[in-house]
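Trainee: Each residue of the sequence shown is one higher than the one before, starting from 736 at the first, in the numbering used here.
Don't read these hints as lab results, they were simulated from the structure. One or more hints might be untrue.
[To be verified] The list that follows gives simulated cross-link-like pairs (lysine-lysine, DSBU-like), each with its CA atoms no further than 35 Å apart:
| id | residue 1 | residue 2 |
| --- | --- | --- |
| 1 | Lys1023 | Lys772 |
| 2 | Lys1084 | Lys1059 |
| 3 | Lys1013 | Lys1084 |
| 4 | Lys1030 | Lys1068 |
| 5 | Lys745 | Lys1078 |
| 6 | Lys1045 | Lys1059 |
| 7 | Lys755 | Lys983 |
| 8 | Lys1059 | Lys772 |
| 9 | Lys781 | Lys983 |
| 10 | Lys773 | Lys906 |
| 11 | Lys755 | Lys1013 |
| 12 | Lys1023 | Lys773 |
| 13 | Lys899 | Lys1045 |
| 14 | Lys963 | Lys781 |
| 15 | Lys1018 | Lys983 |
| 16 | Lys742 | Lys983 |
| 17 | Lys899 | Lys1013 |
| 18 | Lys983 | Lys757 |
| 19 | Lys1030 | Lys772 |
| 20 | Lys755 | Lys773 |
| 21 | Lys1088 | Lys1059 |
| 22 | Lys1068 | Lys1023 |
| 23 | Lys1059 | Lys1013 |
| 24 | Lys907 | Lys739 |
| 25 | Lys757 | Lys1023 |
| 26 | Lys899 | Lys861 |
| 27 | Lys967 | Lys899 |
| 28 | Lys755 | Lys1068 |
| 29 | Lys963 | Lys899 |
| 30 | Lys967 | Lys1030 |
| 31 | Lys742 | Lys757 |
| 32 | Lys745 | Lys1045 |
| 33 | Lys1023 | Lys907 |
| 34 | Lys967 | Lys806 |
| 35 | Lys1068 | Lys983 |
| 36 | Lys1018 | Lys1078 |
| 37 | Lys1059 | Lys755 |
| 38 | Lys1030 | Lys755 |
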Amino acid sequence: MFSKRIKNLKAYKTETSPAKIKLSSNELPYDLPEGLKKRIQEEIAKIPFNRYPDPYANELRQILAELWGVKPENIVLGNGSDEMILNLALAVGEPYEGITYPIPTFPMYRVVADSLGRPTYEVPLKPNLELDEERFNRVLENYNPALMFISYPNNPTGNLFDRKTLDRLRKKVPLMVSDEAYFDFSGETYINEAINPSENVVVLRTLSKIGLASLRVGALIADEAFIKEMFKVKMPFNVTYPSQVIAKVVLTEGLDFIRWAIGQVISERERLMNELQKMEGVKVFPSKANFFLFKTPYDADLVHQRLLEKGVLIRNVSYLPNLKGCLRVNIGKPEENDIFLEKLYEVLKELEKEL
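Kindly generate the complete structure, drawing on both the sequences and the hints.
Mentor: Structure, rendered in structure tokens:
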């Protein structure tokens, strides 16, 4: 019954182990204030639940356009940026033309390409986690992929790839997708290039990392002609009525809170990275996201398990290319970060005595 390509797929997995302190999914650690939730409840009560939502999400697009300094006509919204990744893979290039990206990176690029039967060309990062320009050039010249996905900053490594390298590479591919899920923590973007029809870049954004992960609202930003084509493959009512209403309230009446929370995460990121660097044998990797990588002198599987036993869940990424021994932790509230530091220190001291 099922296609062979589906039979060979592996479902995307998330870390779901129960833990008191969860620092594994790159979520904003702060829930919305009660006053803001009451305003949301008031607006939700006005929804005609028997009616479809605005298929174009025009009011929300207007709000986002003002926040991002573009026009509403430069934006198409999706059920998370995952849907925008799928739609790009559906719309850009022919089915036999490939998709390329560095690895390790966000796994949905591979999942989407495989589900559609499109060839993938994965280019391992250098040991310093930068792009391997020479290997990318060989892929671009030999296989002519239609799409190049770049997570900017990259997940799970947290770093921003060298922009000059990216600009050289994108001249050799029809379209570069700058996936800026963590833009709010880096401030670096290709949005000005994305809205310029003479440039071959589009930008992905999401509301998931700034406190609205439950809404599943993502965006693709591009020049107007490109957006018109993308509307042809967009599902008609893909962003729900409640998601549109809640996002509008939060991005207007709750914007000060969101900006405060982002500032807290950035500040805590620097504090947490500095504290880890003080621990003997621990290596911390640079990050411009709401998470970072680190490596200890001990087996990553063991450290991950010991932390979980102490009630702290982080992400074990040691199985990925060039990330042997690495763990990823996202930034929590100050008190959560303090518990993580305390428990990691305990684990390292215990392993030091045991091994």
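Trainee: The structure should be examined with respect to each hint, and the outcome stated for every one.
Mentor: Quick rundown of the hints versus the structure:
| no. | hint | verdict |
| --- | --- | --- |
| 1 | Lys1023 / Lys772 | 30 Å, holds |
| 2 | Lys1084 / Lys1059 | 21 Å, holds |
| 3 | Lys1013 / Lys1084 | 14 Å, holds |
| 4 | Lys1030 / Lys1068 | 22 Å, holds |
| 5 | Lys745 / Lys1078 | 33 Å, holds |
| 6 | Lys1045 / Lys1059 | 23 Å, holds |
| 7 | Lys755 / Lys983 | 32 Å, holds |
| 8 | Lys1059 / Lys772 | 42 Å, violated |
| 9 | Lys781 / Lys983 | 14 Å, holds |
| 10 | Lys773 / Lys906 | 49 Å, violated |
| 11 | Lys755 / Lys1013 | 25 Å, holds |
| 12 | Lys1023 / Lys773 | 33 Å, holds |
| 13 | Lys899 / Lys1045 | 44 Å, violated |
| 14 | Lys963 / Lys781 | 31 Å, holds |
| 15 | Lys1018 / Lys983 | 41 Å, violated |
| 16 | Lys742 / Lys983 | 40 Å, violated |
| 17 | Lys899 / Lys1013 | 33 Å, holds |
| 18 | Lys983 / Lys757 | 28 Å, holds |
| 19 | Lys1030 / Lys772 | 39 Å, violated |
| 20 | Lys755 / Lys773 | 27 Å, holds |
| 21 | Lys1088 / Lys1059 | 23 Å, holds |
| 22 | Lys1068 / Lys1023 | 18 Å, holds |
| 23 | Lys1059 / Lys1013 | 21 Å, holds |
| 24 | Lys907 / Lys739 | 32 Å, holds |
| 25 | Lys757 / Lys1023 | 20 Å, holds |
| 26 | Lys899 / Lys861 | 16 Å, holds |
| 27 | Lys967 / Lys899 | 33 Å, holds |
| 28 | Lys755 / Lys1068 | 13 Å, holds |
| 29 | Lys963 / Lys899 | 30 Å, holds |
| 30 | Lys967 / Lys1030 | 45 Å, violated |
| 31 | Lys742 / Lys757 | 32 Å, holds |
| 32 | Lys745 / Lys1045 | 30 Å, holds |
| 33 | Lys1023 / Lys907 | 27 Å, holds |
| 34 | Lys967 / Lys806 | 19 Å, holds |
| 35 | Lys1068 / Lys983 | 25 Å, holds |
| 36 | Lys1018 / Lys1078 | 17 Å, holds |
| 37 | Lys1059 / Lys755 | 27 Å, holds |
| 38 | Lys1030 / Lys755 | 23 Å, holds |
The structure shown violates the earlier hints numbered 8, 10, 13, 15, 16, 19 and 30.
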